[in-house]
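Below are the chains, spelled out letter by letter.
Number of protein chains: 2
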Amino acid sequence: MPTFPQSFPMNGGDGPHSYIHNSSYQKVAIDGVKERTSEAILEKLDLEFLNRNSEENILRIVDFGCSIGPNTFDVVQNIIDTVKQKRLKENKTYIGAPLEFQVCFNDQPNNDFNTLFRTQPFFSRKEYFSVGVPGSFHGRVLPKNSLHIGHTSYTLHWLSNVPQHVCDKKSPALNKSYIQCNNLVDEVTKAYKIQFRKDFGGFLEARAEELVSGGLMILSGQCLPDGIPKALTWQGVVIDMIGDCLMDLAKLGITSKEKIELFSLPTYIPHISEFKANIEQNENFNVETMEEISHPMDYMPLTNDFITSMFRAILNTIIEEHFGEGVVNELFSRLAKRLDKYPIDFKRCKKYVNYFIVLKRK
Amino acid sequence: MPTFPQSFPMNGGDGPHSYIHNSSYQKVAIDGVKERTSEAILEKLDLEFLNRNSEENILRIVDFGCSIGPNTFDVVQNIIDTVKQKRLKENKTYIGAPLEFQVCFNDQPNNDFNTLFRTQPFFSRKEYFSVGVPGSFHGRVLPKNSLHIGHTSYTLHWLSNVPQHVCDKKSPALNKSYIQCNNLVDEVTKAYKIQFRKDFGGFLEARAEELVSGGLMILSGQCLPDGIPKALTWQGVVIDMIGDCLMDLAKLGITSKEKIELFSLPTYIPHISEFKANIEQNENFNVETMEEISHPMDYMPLTNDFITSMFRAILNTIIEEHFGEGVVNELFSRLAKRLDKYPIDFKRCKKYVNYFIVLKRK
Numbered sequence: 001m002p003t004f005p006q007s008f009p010m011n012g013g014d015g016p017h018s019y020i021h022n023s024s025y026q027k028v029a030i031d032g033v034k035e036r037t038s039e040a041i042l043e044k045l046d047l048e049f050l051n052r053n054s055e056e057n058i059l060r061i062v063d064f065g066c067s068i069g070p071n072t073f074d075v076v077q078n079i080i081d082t083v084k085q086k087r088l089k090e091n092k093t094y095i096g097a098p099l100e101f102q103v104c105f106n107d108q109p110n111n112d113f114n115t116l117f118r119t120q121p122f123f124s125r126k127e128y129f130s131v132g133v134p135g136s137f138h139g140r141v142l143p144k145n146s147l148h149i150g151h152t153s154y155t156l157h158w159l160s161n162v163p164q165h166v167c168d169k170k171s172p173a174l175n176k177s178y179i180q181c182n183n184l185v186d187e188v189t190k191a192y193k194i195q196f197r198k199d200f201g202g203f204l205e206a207r208a209e210e211l212v213s214g215g216l217m218i219l220s221g222q223c224l225p226d227g228i229p230k231a232l233t234w235q236g237v238v239i240d241m242i243g244d245c246l247m248d249l250a251k252l253g254i255t256s257k258e259k260i261e262l263f264s265l266p267t268y269i270p271h272i273s274e275f276k277a278n279i280e281q282n283e284n285f286n287v288e289t290m291e292e293i294s295h296p297m298d299y300m301p302l303t304n305d306f307i308t309s310m311f312r313a314i315l316n317t318i319i320e321e322h323f324g325e326g327v328v329n330e331l332f333s334r335l336a337k338r339l340d341k342y343p344i345d346f347k348r349c350k351k352y353v354n355y356f357i358v359l360k361r362k
Numbered sequence: 001m002p003t004f005p006q007s008f009p010m011n012g013g014d015g016p017h018s019y020i021h022n023s024s025y026q027k028v029a030i031d032g033v034k035e036r037t038s039e040a041i042l043e044k045l046d047l048e049f050l051n052r053n054s055e056e057n058i059l060r061i062v063d064f065g066c067s068i069g070p071n072t073f074d075v076v077q078n079i080i081d082t083v084k085q086k087r088l089k090e091n092k093t094y095i096g097a098p099l100e101f102q103v104c105f106n107d108q109p110n111n112d113f114n115t116l117f118r119t120q121p122f123f124s125r126k127e128y129f130s131v132g133v134p135g136s137f138h139g140r141v142l143p144k145n146s147l148h149i150g151h152t153s154y155t156l157h158w159l160s161n162v163p164q165h166v167c168d169k170k171s172p173a174l175n176k177s178y179i180q181c182n183n184l185v186d187e188v189t190k191a192y193k194i195q196f197r198k199d200f201g202g203f204l205e206a207r208a209e210e211l212v213s214g215g216l217m218i219l220s221g222q223c224l225p226d227g228i229p230k231a232l233t234w235q236g237v238v239i240d241m242i243g244d245c246l247m248d249l250a251k252l253g254i255t256s257k258e259k260i261e262l263f264s265l266p267t268y269i270p271h272i273s274e275f276k277a278n279i280e281q282n283e284n285f286n287v288e289t290m291e292e293i294s295h296p297m298d299y300m301p302l303t304n305d306f307i308t309s310m311f312r313a314i315l316n317t318i319i320e321e322h323f324g325e326g327v328v329n330e331l332f333s334r335l336a337k338r339l340d341k342y343p344i345d346f347k348r349c350k351k352y353v354n355y356f357i358v359l360k361r362k
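Which chain is which? The protein sequence lines are B and C, in order.
For the first sequence, UniProt numbering assigns the number 1 to the initial residue and increments by one for each residue that follows.
For the second sequence, UniProt numbering assigns the number 1 to the initial residue and increments by one for each residue that follows.
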């Protein structure tokens with residue numbers, strides 16, 4: 001059943017700092033695997049097998065960690081178009097009524113579902129029945145055997161909770177000097193690794209129960225190349241910079257050093273072999289596809305404004321939750337200035353490994 | 001598929017004028033049929049019959065027109081408790097995994113689902129998987145054969161649209177003198193009757209497709225006694241008073257007479273025999289129960305403050321939509337004063353007939 005751990009959804013509404021208007025980096029990544037997603041469905045999905053046990057002619061699709069749109073609408077539409085194409089290709093007439101699509105948009109209960117529902121493209125209301133599924137994807141959010149195609153992209157780095165010891169003053173794993181796991185402090189990395197294994201394991205266990213046999217789970221996201229600390233990636237550099245900006249605010253009395261020392265992001269980027277091992281440990285799935293790809297924007301220097309807006313849309317909720325409402329504006333205007341002063345050297349920074357994985361439920 | 005007609009959900013959020021804090025009249029009515037609902041499920045629901053065609057062990061419940069809570073949470077919990085009680089009573093072990101409940105909360109896409117999801121009682125997350133279903137219940141909102149128990153209470157008087165001619169200056173059905181259908185102008189009543197028949201017919205058609213054979217649809221709400229115009233009920237008196245208060249505002253230039261003449265509520269209270277005839281025309285259902293009951297607060301004079309808050313929570317969205325944001329406060333403070341000046345004579349006012357109906361899908 002869904003648990004209600006800490007949850008920090010993307011920035012809601014459709015204002016200038018909303019996720020809706022600041023998620024093109026994620027959109028480019030999703031577009032980058034659009035074809036692979038279609039190919040996987042065309043090759044790996046066995047439509048007859050899916051509906052053999054039920055009178056229903058429903059194909060249920062879930063986007064886990066859908067946020068507020070618009071990326072999620074493109075993802076589910078691409079999946080639906082591909083399934084339709086597959087039925088035409090196989091020109092098999094299926095018994096009973098025509099296939100109906102139900103699309104479940106899953107995210108944390110405090111995600112801005114109001115904006116998601118109101119911005120759903122009008123034409124898509126003729127294509128599928130939409131539902132919002134509030135709940136943490138680290139546990140069950142749907143009944144057993146009710147899901148045919150699951151999808152999640154650029155979400156699995158979010159943990160259900162910050163690892164316990166990382167904010168414990170008496171623990172060697174206290175993440176005192178940084179606000180993220182940047183792999184520079186072994187005890188901290190170990191604590192995050194354990195939390196990730198538990199959370200990702202919970203994610204796969206839950207999907208295994210929700211998916212029908214033969215159902216597909218499509219995963220895309222980012223890992224670290226083996227042996228590379230996050231601190232050497234541009235994303236790691238930016239978040240460490242945000243930590244430095246917070247320290248500036250502490251010196252001005254806008255927040256306190258102690259608050260920063262007890263603040264650590266509930267996110268973890270695993271190393272690629274660690275991530276693959278986590279998948280292979282789960283016995284409920286066959287790995288149909290496991291590809292390493294690059295992010296289309298990997299070799300494009302991003303503007304400071306782009307970086308600042310992107311991270312603000314992602315971190316706005318959690319920063320406000322931990323430091324209060326007055327901090328966000330000042331923090332991200334300082335980040336912009338710091339980026340101008342110390343521009344990111346994209347060439348020198350290490351690149352994430354982007355993965356595209358398709359699992360089939362045994 | 002869901003259409004996107006005019007939609008005016010109840011007042012969102014959890015502020016002083018929200019539906020959450022001003023829906024006790026509806027709650028009392030729902031509590032008043034709680035036992036009847038349980039009895040109907042215990043007697044009429046055939047659990048084995050429901051799941052005979054599918055491997056799934058899911059019982060899917062939908063509250064149509066759920067609004068923002070908390071009433072909807074009580075309704076669905078009562079249904080779940082009753083189904084559990086029934087399984088114990090029949091102490092039949094069902095094949096396969098234990099039964100899992102999925103509860104679908106349906107309301108217009110611009111309903112405040114954020115507040116609904118955030119106020120869902122924490123204990124209930126262990127009881128059922130919840131989803132929000134945005135869409136007008138006058139059309140399909142769920143896939144075929146996917147629903148086992150449908151419920152709706154005090155919602156069916158809402159129309160998908162204001163009847164076309166009622167706001168047409170050139171039409172004899174122009175509702176010039178009133179902001180509601182109060183049955184005093186025959187042409188207006190005729191236009192509303194046609195719209196209601198179409199909408200309620202659409203509602204029943206959609207439920208017939210969504211419900212599995214043997215599934216139950218539980219309806220409760222209000223009708224007019226045959227031959228009684230709405231104008232003679234206290235609800236009708238109050239809404240006519242709101243119309244008068246709007247005219248006051250027009251005299252002050254806060255709004256315009258023309259705007260009021262073109263404003264007519266998209267609600268219609270049918271006469272009881274008209275309502276029953278609409279049900280009996282639909283061939284997809286057996287009528288298992290059709291009872292006329294009284295509302296527990298029928299014989300309690302309501303305070304003016306109670307009346308004003310109740311109607312404000314219901315009409316806030318539609319008044320703002322039609323007259324703009326500045327009108328609501330002034331309008332309902334005038335209503336309170338007018339009620340003080342012309343108190344409702346509850347004894348003299350005619351009472352609605354409250355219905356409790358259980359339909360079984362053939």
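Simulated from the structure, these hints should not be mistaken for laboratory data.
Keep in mind the model is a prediction, meaning the values are calculated, not measured.
Take the hints with a grain of salt, since some may be wrong.
Heads up, the list lumps identical chains together, so a pair's fine if it works in one copy or across two of them.
[Stated by the list, open to error] Once the Cα atoms are required to be at most 20 Å apart in a straight line, the calculated PhoX-like pairs of lysine-lysine come out as:
| # | residue 1 | residue 2 |
| --- | --- | --- |
| 1 | 144 | 126 |
| 2 | 362 | 89 |
| 3 | 144 | 84 |
| 4 | 44 | 170 |
| 5 | 259 | 169 |
| 6 | 126 | 170 |
The hints, checked one at a time:
For the homomeric pair residue 144 and residue 126, the shortest alpha-carbon distance between copies (15 Å) is at most 20 Å, but the shortest distance inside one copy (27 Å) is not. In this assembly of identical chains, the alpha carbons of residue 362 and residue 89 never lie at most 20 Å apart, being 25 Å within a copy and 36 Å across copies at closest. Taking the shortest alpha-carbon separations for residue 144 and residue 84, only the inter-copy value of 18 Å comes in at or below 20 Å, while the best intra-copy value is 25 Å. Taking identical chains as interchangeable, the C-alpha atoms of residue 44 and residue 170 are never at most 20 Å apart, the minima being 50 Å within one chain and 61 Å between chains.
Taking the closest pair of Cα atoms, residue 259 and residue 169 come within 20 Å of each other only inside a single copy of the chain (12 Å); across copies the shortest separation is 65 Å, beyond that limit. Neither within a single protomer nor between protomers do residue 126 and residue 170 lie at most 20 Å apart by alpha-carbon distance, with minima of 57 Å and 34 Å respectively.
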